[in-house]
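K.L.:
Here's the letter readout for the chains.
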Amino acid sequence: MATVEARNLCKSYGHAVALDGIDLTIEEGRILGLVGPNGAGKTTFLHAMLGLTPYEGTLRVLGHDPRTERHRLMLDATFIADVSVLPRWMRVSQAVDYMEGVHPRFDRYKAEEFLALSSVPPQSMIRALSKGMVAQLHVALIMAIDARLLALDEPTLGLDLHQRKQFYDALLKDYFDNTRTIVLATHQVEEIENVVTDIAFIHHGRLIVACSMEDFASRFVELMPRAGRIAAARALSPIHERQAFGRSILLFERADREQLAALGDARTPSIADVFVAMTGDTNRRRRGAA
Amino acid sequence: MTVPLAATASVSAAHLSAHEALRRARPIYWSVRRELWENRWVYIAPAGIAAFILSVFLASALRQPNRVAESLTVKPSSSIAVLADSGLSGPMVLMMATLLIGLFYSLEALQGERRDRSILFWKSLPVSDAATILAKALIPLAVLPVLTCALIVATQLAMLVLGSGVLLVTGSDPGAAWDAFPFLLWPVMVYFVVAMTLWHAPIYAALLLISSWARRAPFLWATLPLLVLTVVERHTLYTSYVTGFLAHRSLGFFNEAFAVSARAGENADRLPFLTPGNFLTSPGLLLGLLFAALCLIAAVRLRRKRDPV
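Going line by line, the protein sequences match chains G and F.
Counted from 1, the first sequence has number 24 at position 24 by the numbering used here; the numbering is strictly sequential.
To convert, count from 1 in the second sequence and add 1000; that's the numbering used here.
Treat the hints as calculated values from the structure; they're not laboratory data.
Any given hint could turn out to be false.
As the list claims (entries may be wrong) - Here are a few chain G residues that face chain F, going by a calculated C-beta distance under 8 Å:
#, residue
1, 82
2, 88
3, 101
What the hints assert, rightly or not - Restraint-style ranges between C-beta atoms, simulated for each label pair:
#, chain 1, residue 1, chain 2, residue 2, range
4, G, 113, F, 1289, 45 to 51 Å
5, F, 1052, G, 160, 45 to 51 Å
6, F, 1230, G, 88, 37 to 43 Å
7, F, 1215, G, 38, 20 to 26 Å
8, G, 38, F, 1040, 35 to 41 Å
9, G, 173, F, 1020, 36 to 42 Å
10, F, 1052, G, 37, 54 to 60 Å
11, G, 123, F, 1229, 46 to 52 Å
12, F, 1284, G, 37, 54 to 60 Å
For every residue, glycine included, the Cβ atom is placed at its ideal position computed from N, Cα and C.
Build the full structure now, drawing on both the sequences and the hints.
P.N.:
In structure tokens:
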């Protein structure tokens, strides 16, 4: 059974379409990077998946209907929906007590261990903590839950570079164990490049790419053509072209890698390059799900 | 000795169901604790009022020790007004205070978590919307009434002890004050608080519903429509049904739960006559409780759907 199965998922806020027929399957043990510009529908998708907002279409998460079985789903799934949503009136110690009280899969010892590594004072009120500390506390509380699905929406917002690295290290080293599933929604494409096993681009409420990182590497090729070969390269229908250091860089999808290599320097592009190419080009915006 | 199999099975079934009940009650228990952590004023304010009443009593006892014994006894009264007797001041003040606290708490309870977006954190935990609403409803419907009764008993007991101390120091015998102290009024007071709370349950539930629905200014949503209705009715129909309804919903429990004598002075030497049977079967109570249940169910459904504001 897939961890998340969405079929024709739609959601509108008045006339604004937030999700426009999303079909997505997330298998167990994967780390999916859900990437999209602000307002693309990432958060709405996560909220639908976690039973936080009504939607149309079919959605099963860990076998549950998130609309009606959120509290049961939350025994096996957890999430950070936004930074700075921890109640400001609470003490850090109360947050740990409460989690231990209501969550049968919360490991107090683990949370305290995470907190000891952070700079969060245990007796502090949450309102007295800096934004970075609140994020660290939230991560410590959530990672101490033995969940099968973890959903994170911009989890490193407010963290400095050092803390971001620490967060992803902890996520991979202390949390991910190949049986858990993690969904990471972000527009910070660069920082998840080496973290995710799968990638999905969402734009204007539609999925424009959804594949594993292995597929991604074989599907997209970036070519820096040798002098005089640009016209030949352009003839192979690149999906995007940009300029860098005075040279053209062309992006191809499902192209013959050997054919391209003959024209110049061909390599696998970064997620960011493909993301910018696919979401910046208005002609491609309305392409169906890949 | 052999234990019959059926008996063992029923014991283990009972054990299981007790375990299951505990498991289900746990999120509610922790949610109530969470409410009290967040809204410490819910118990600090009444405790402060009780302390204030006590200090006023002590100050007056020290100034006029000869009136201590008198102030600790209840003057015979025809009705439940004995509860409000200023000699044992406090019960009414405390009841009014906890009533107001319950009303303001209910109005804020479900709006606050959406306003500060903490609802996104609460919803990441395996606590159902129904458990959350129930925990929030338990504050005005259970925690505050118990607190009110406990504070009244504690305040009056402290008055008796402190008053006895003052009498002893001034060379008087406190025995008379203890003999005359109306301990029997305590169960009456508990009955009064329970009846009042049950009667007001639809008000608390309606305020919780408004709190879960209103995007902002729940206080205005709770009061303005009633005010407008009252004024419009008075100036167009020349009637006052809305005012009458509001008065009945606020104080109507009194006539249902107590047999109030028609003439002042009657039953002067007795405790007010309690009529729990009449109260528990009165349409006002039953319809009110039904309305309260519907409001709470609607609040659960709204909390499931509502986005943070």
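K.L.:
None of the hints should be skipped; say for each whether it holds.
P.N.:
Hint check results:
| no. | hint | verdict |
| --- | --- | --- |
| 1 | 82 | holds (5 Å) |
| 2 | 88 | holds (6 Å) |
| 3 | 101 | holds (4 Å) |
| 4 | G:113 with F:1289: 45 to 51 Å | holds (48 Å) |
| 5 | F:1052 with G:160: 45 to 51 Å | holds (50 Å) |
| 6 | F:1230 with G:88: 37 to 43 Å | holds (38 Å) |
| 7 | F:1215 with G:38: 20 to 26 Å | holds (23 Å) |
| 8 | G:38 with F:1040: 35 to 41 Å | holds (38 Å) |
| 9 | G:173 with F:1020: 36 to 42 Å | holds (38 Å) |
| 10 | F:1052 with G:37: 54 to 60 Å | holds (58 Å) |
| 11 | G:123 with F:1229: 46 to 52 Å | holds (50 Å) |
| 12 | F:1284 with G:37: 54 to 60 Å | holds (58 Å) |
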